[in-house]
Amino acid sequence: MATILETAQAAGCFSTLLTAVEVAGLRSALEGPGPFTVFAPVDDAFAALPPGTVQTLVDNPPQLARILKYHVLSGACLRADLTTQPEWTSLEGAPVAIRRSEPFEVKNSTVVQADIVCDNGIVHVINRVILPG
Amino acid sequence: MTTPIAPVAEPTTTPLIPPSQHRWAEVIHRLEAGGSMLPDTPENLMQIIGIYKAYAVPMDFYWRDLLYIAEQVFLDPLPAFKYFPSQEYLDLPNSYAGDQSQLRIWRGGEKAHPELLEFMAKGETTQMPKLLHHLWHDRINMEFAEACMQAMLWHQNMGGRFNDYLASDAYRNNADRAIKAYFKRNPVMLGLYKLFPEMFLEKVKQLSYTANLGLFWEVMAPVFFEMSDIYDEGGFKGVPDAMDFLVNGIFAVAGRPIYHHAFIDGECFEIIPKSEGFTWLYEAALPYVEAVFYRTSPFRGTKSYNAQAGQVPADQADFHYGILYADVFPVGSAGIPPTLLMQDMLHFLPSYLKELYRKHERGEEDQLIQLGVTFQRSMYNVTSAVIQALRAALLYPLDDTDPEHLLANRRFFEAQMDRFLRPEARLGAIQSQDYR
Numbered sequence: 001m002a003t004i005l006e007t008a009q010a011a012g013c014f015s016t017l018l019t020a021v022e023v024a025g026l027r028s029a030l031e032g033p034g035p036f037t038v039f040a041p042v043d044d045a046f047a048a049l050p051p052g053t054v055q056t057l058v059d060n061p062p063q064l065a066r067i068l069k070y071h072v073l074s075g076a077c078l079r080a081d082l083t084t085q086p087e088w089t090s091l092e093g094a095p096v097a098i099r100r101s102e103p104f105e106v107k108n109s110t111v112v113q114a115d116i117v118c119d120n121g122i123v124h125v126i127n128r129v130i131l132p133g
Numbered sequence: 134m135t136t137p138i139a140p141v142a143e144p145t146t147t148p149l150i151p152p153s154q155h156r157w158a159e160v161i162h163r164l165e166a167g168g169s170m171l172p173d174t175p176e177n178l179m180q181i182i183g184i185y186k187a188y189a190v191p192m193d194f195y196w197r198d199l200l201y202i203a204e205q206v207f208l209d210p211l212p213a214f215k216y217f218p219s220q221e222y223l224d225l226p227n228s229y230a231g232d233q234s235q236l237r238i239w240r241g242g243e244k245a246h247p248e249l250l251e252f253m254a255k256g257e258t259t260q261m262p263k264l265l266h267h268l269w270h271d272r273i274n275m276e277f278a279e280a281c282m283q284a285m286l287w288h289q290n291m292g293g294r295f296n297d298y299l300a301s302d303a304y305r306n307n308a309d310r311a312i313k314a315y316f317k318r319n320p321v322m323l324g325l326y327k328l329f330p331e332m333f334l335e336k337v338k339q340l341s342y343t344a345n346l347g348l349f350w351e352v353m354a355p356v357f358f359e360m361s362d363i364y365d366e367g368g369f370k371g372v373p374d375a376m377d378f379l380v381n382g383i384f385a386v387a388g389r390p391i392y393h394h395a396f397i398d399g400e401c402f403e404i405i406p407k408s409e410g411f412t413w414l415y416e417a418a419l420p421y422v423e424a425v426f427y428r429t430s431p432f433r434g435t436k437s438y439n440a441q442a443g444q445v446p447a448d449q450a451d452f453h454y455g456i457l458y459a460d461v462f463p464v465g466s467a468g469i470p471p472t473l474l475m476q477d478m479l480h481f482l483p484s485y486l487k488e489l490y491r492k493h494e495r496g497e498e499d500q501l502i503q504l505g506v507t508f509q510r511s512m513y514n515v516t517s518a519v520i521q522a523l524r525a526a527l528l529y530p531l532d533d534t535d536p537e538h539l540l541a542n543r544r545f546f547e548a549q550m551d552r553f554l555r556p557e558a559r560l561g562a563i564q565s566q567d568y569r
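As you go down the protein sequences, you meet chains B and A in turn. Under our numbering, the first residue of the first sequence carries the number 1, and numbering increases by one thereafter. Under our numbering, the first residue of the second sequence carries the number 134, and numbering increases by one thereafter.
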């Protein structure tokens with residue numbers, strides 16, 4: 001089995017996310033044993049943000065790290081686990097709401113592929129960047 | 134032989150969700166269609182763009198001086214010259230405007246705006262030393278900027294993590310180092326600090342909010358300047374275009390760091406370091422809108438409030454003394470309507486707004502009130518941009534086809550409009566062009 005980052009690398013549709021993880025200095029943390037649950041936005045999700053949004057964050061790694069940490073939970077949670085409670089505390093500190101189980105929706109994103117099991121956690125692929133608030 | 138043309142299906146016009154029953158249903162439906170709380174009329178567009186321009190010029194002074202106060206004046210016990218930003222701060226290039234900026238999003242911004250510099254030199258009177266302009270009060274009203282900062286400091290807890298950090302040990306330690314460094318040659322002040330440490334800490338917290346507001350407005354000034362330029366060039370087809378420009382601007386700089394650095398004898402003291410991860414959207418823009426547009430505080434002036442008679446809400450969250458609720462008529466009062474800002478904007482009105490005011494009501498005699506109403510319209514448009522940006526960030530696109538999502542958007546818009554159910558709200562008034 002591969003780690004979360006190796007899995008994302010192999011999928012080929014997370015290049016923005018992987019760059020962001022690198023810039024924010026979160027690579028070594030996400031390569032650790034975890035386990036983590038990662039809501040991974042696809043490249044199109046980042047591209048859908050208004051111009052400048054991603055660049056401002058990339059220029060400011062601590063601020064970028066905060067947004068990325070909102071996409072990560074501590075512990076390995078499968079879809080079946082996540083849907084047992086209405087919200088989960090992210091590593092950023094703010095709660096991530098599980099809005100619907102069918103279709104599976106996390107905050108205002110839809111999970112396009114759930115339960116990708118990795119060495120150090122679980123990845124759920126989402127179609128939108130989620131933001132605290 | 135001709136190919137038979139298949140009948141074109143009638144486009145379905147059945148809405149996916151039933152109409153809102155809210156008192157402001159008309160406004161909610163407009164927001165759901167991508168519009169603003171302010172009706173889309175050519176005059177509204179002209180009014181709001183004109184006032185953005187008039188607001189941007191003093192704002193270019195406010196943000197520079199706020200940063201000067203927070204970073205350089207710092208704890209000066211007698212800050213008589215705090216409204217005299219150094220040349221360095223007047224020449225400070227904008228972080229997000231102009232080719233020199235670290236991330237160019239808007240135009241201009243190389244240094245202070247020429248119209249501002251011209252006003253600082255001449256004022257309403259004539260060219261004279263700036264101390265005389267100051268004493269004659271022929272200058273930019275920095276007191277308005279400080280009043281906004283105080284509203285943010287006083288209300289606190291309006292989302293974001295800024296206030297939590299101000300209560301942390303890390304902040305206390307950073308402030309302590311800066312206080313001791315600032316007064317290292319002043320044993321009297323150091324003695325007072327030993328006796329009343331909380332008083333000094335509170336003052337540093339106020340300066341942290343001063344930096345916060347300065348960093349917030351550093352972004353808004355070039356946004357408003359560019360909107361004026363685009364309008365002058367024939368851009369913006371209507372009010373929604375102007376609102377969308379603001380929405381895109383909010384997203385573009387959402388991740389801008391909010392921090393507080395103080396420079397003492399050339400050394401930088403990071404009282405709130407950038408590494409805390411505080412952002413323009415969460416720690417500055419949203420608290421600003423809440424504290425200044427909605428809440429502020431009852432003011433001393435031509436209208437008085439009696440707290441014992443329940444005229445002031447017991448809960449700070451229910452305060453409604455911001456521009457969105459202001460009665461613009463009693464000009465001259467100390468708080469809202471923001472008379473000091475209105476007077477600042479009066480100096481920089483574009484000619485088309487002066488012309489408009491001359492044609493209505495009492496012409497030039499009551500243009501301070503007319504521009505106050507214009508400002509109210511323009512701030513309803515800015516608030517609409519904030520509401521639409523939050524909807525885009527936290528909820529669903531307006532053209533989403535899932536009724537559940539559209540209902541979530543509806544609940545959000547209705548909750549926002551609930552804040553305008555109280556009789557003081559001017560949302561109803563701005564729906565008509567006759568409100569001047």
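Hints are computed from structural coordinates only; laboratory data are not their basis. All values derive from a computational prediction rather than experimental measurement. Positions of the beta carbon are idealized from the N, C-alpha and C atoms, including for glycine. Worth double-checking, as some hints may not be accurate.
[Claimed, not checked] DEER-style ranges, computed between Cβ atoms:
| id | chain 1 | residue 1 | chain 2 | residue 2 | range |
| --- | --- | --- | --- | --- | --- |
| 1 | A | ASN319 | B | GLU6 | 40 to 48 Å |
| 2 | A | ASP297 | B | SER74 | 18 to 26 Å |
| 3 | A | ASP297 | B | SER28 | 21 to 29 Å |
| 4 | A | GLN154 | B | SER28 | 49 to 57 Å |
| 5 | A | PRO175 | B | SER74 | 38 to 46 Å |
| 6 | B | ARG79 | A | ILE150 | 21 to 29 Å |
| 7 | A | LYS327 | B | LEU78 | 29 to 37 Å |
| 8 | B | GLU6 | A | ILE150 | 12 to 20 Å |
| 9 | A | ALA166 | B | SER28 | 43 to 51 Å |
| 10 | A | GLU366 | B | ALA10 | 17 to 25 Å |
| 11 | B | VAL117 | A | GLY443 | 56 to 64 Å |
| 12 | A | ARG555 | B | ARG79 | 42 to 50 Å |
[As the list claims (entries may be wrong)] Over 12 Å on every C-beta distance to chain A, these chain B residues come out as not near it, computed from the model:
| id | residue |
| --- | --- |
| 13 | MET1 |
| 14 | PRO103 |
| 15 | ASN108 |
| 16 | CYS118 |
Quiz item: Falls inside 21 to 29 Å, the C-beta gap from B/ARG79 to A/ILE150?
Solution: For B/ARG79 and A/ILE150 the Cβ distance comes to about 28 Å; the hint holds.
Quiz item: Does the Cβ distance between A/ASN319 and B/GLU6 fall inside 40 to 48 Å?
Solution: violated (59 Å)
Quiz item: Do the Cβ positions of A/ARG555 and B/ARG79 conform to the proposed distance bound of 42 to 50 Å?
Solution: At 44 Å between Cβs, range holds.
Quiz item: Is the distance from the Cβ of B/VAL117 to the Cβ of A/GLY443 consistent with 56 to 64 Å?
Solution: The hint (56 to 64 Å, Cβ to Cβ) holds, given that B/VAL117 and A/GLY443 are roughly 60 Å apart.
Exercise. Please test the hint of 18 to 26 Å on the beta carbon pair from A/ASP297 and B/SER74.
Key: At 20 Å between Cβs, range holds.
Quiz item: Taking the CB of A/ASP297 and the CB of B/SER28, does the distance hold inside 21 to 29 Å?
Solution: Holds, at about 27 Å.
Quiz item: Taking the beta carbons of A/GLN154 and B/SER28, is their distance inside 49 to 57 Å?
Solution: Holds - the Cβ-Cβ distance for A/GLN154 and B/SER28, about 54 Å, lies within 49 to 57 Å.
Quiz item: Are A/PRO175 and B/SER74 spaced within 38 to 46 Å by their CB atoms?
Solution: violated (54 Å)
Quiz item: Can the suggested window of 17 to 25 Å be confirmed for the beta-carbon pair A/GLU366 and B/ALA10?
Solution: For A/GLU366 and B/ALA10 the Cβ distance comes to about 48 Å; the hint is violated.
Self-check item: Status of the given 12 to 20 Å range, CB of A/ILE150 versus CB of B/GLU6
Solution: At roughly 43 Å between Cβ atoms, A/ILE150 and B/GLU6 fall outside 12 to 20 Å, so the hint is violated.
Exercise. State, for the Cβ atoms of A/LYS327 and B/LEU78, whether the hinted interval 29 to 37 Å holds or is violated.
Key: The hint (29 to 37 Å, Cβ to Cβ) is violated, given that A/LYS327 and B/LEU78 are roughly 57 Å apart.
Quiz item: Are all beta-carbon distances from B/ASN108 to chain A longer than 12 Å?
Solution: violated (5 Å)
Taken one by one, the earlier hints fail for this structure at numbers 1, 5, 7, 8, 10, 14, 15, listed in ascending order.
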